[in-house]
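> Work out the full structure: start from the sequences and follow the hints.
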Amino acid sequence: MTDTATPMEGTPLIQPSTTDHPLYDNVIEACRTVYDPEIPVNIQDLGLIYTVDINDENEVKVLMSLTAPGCPVAGEMPGWVAEAIEPLAGIKSVDVELVWEPQWGMDMMSDEARLELGFM
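With full-length UniProt numbering, the residue at position 17 of the sequence shown is 17, and numbering never jumps.
Do not rely on the hints blindly, as some may be mistaken.
[As the list claims (entries may be wrong)] Computed cross-link-like contacts, SDA-like style, restricted to lysine to any residue with a CA-CA straight-line distance of at most 20 Å:
| id | residue 1 | residue 2 |
| --- | --- | --- |
| 1 | 61 | 116 |
| 2 | 61 | 83 |
| 3 | 92 | 105 |
| 4 | 61 | 72 |
| 5 | 92 | 79 |
| 6 | 61 | 21 |
| 7 | 61 | 32 |
| 8 | 92 | 18 |
| 9 | 61 | 18 |
| 10 | 92 | 26 |
Hint data in this document are derived by calculation from the structure and do not stem from the laboratory.
Computed from a prediction, not measured in an experiment: that's the story for all the values here.
Listed below in structure tokens is the structure:
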């Protein structure tokens, strides 16, 4: 018998966000102020923000990806996201983590992003 980390069938690939937290909408709007310098669409609508987890202490954990691992701003973008969220009233701390699974795909973009980029 081998131990594998394969998720069970039906397990979401992306951890759900805490959408019921009172600060959630403000955090999402803050994420919409961050842009990839090479793409004229904010990172929320691009689908790069995978999970926003806000605990009872108002500590925010963001799991995000990039359009490609070799993105020139890979080292900077998590800091940009944290800097956008940290000034919000009520936020205690922000931790932004880059993840590569699941790999980002164009199907993760919002309809608004697809329209802006000419894919609709």
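> What's the verdict on residue 61 and residue 72, does the C-alpha distance respect the 20 Å limit or exceed it?
violated (23 Å)
> Checking one constraint from the list: CA of residue 92 to CA of residue 105, max 20 Å. Satisfied?
violated (32 Å)
> For the pair supplied as a hint, residue 61 and residue 18, is the alpha-carbon distance within the 20 Å limit?
Holds, at roughly 10 Å.
> Does residue 61 pair with residue 21 here, judged by a C-alpha cut-off of 20 Å?
holds (13 Å)
> Between residue 92 and residue 26, does the CA-CA distance stay at or below 20 Å?
holds (14 Å)
> Please verify whether residue 61 and residue 83 have alpha carbons no more than 20 Å apart.
holds (13 Å)
> Checking one constraint from the list: CA of residue 92 to CA of residue 18, max 20 Å. Satisfied?
Holds - the C-alpha atoms of residue 18 and residue 92 are around 16 Å apart, at most 20 Å.
> Between residue 92 and residue 79, is the straight-line Cα distance small enough, at 20 Å or below?
Answer holds: residue 92 to residue 79 is near 16 Å, not above 20 Å.
> Is residue 61 within 20 Å of residue 116, Cα to Cα?
Cα-Cα ~28 Å, so violated.
> Is it true that the CA of residue 61 sits at most 20 Å from the CA of residue 32?
Since the Cα atoms of residue 61 and residue 32 sit roughly 16 Å apart, the hinted pair holds (cutoff 20 Å).
Of the numbered hints listed earlier, those contradicted by the structure are 1, 3, 4.
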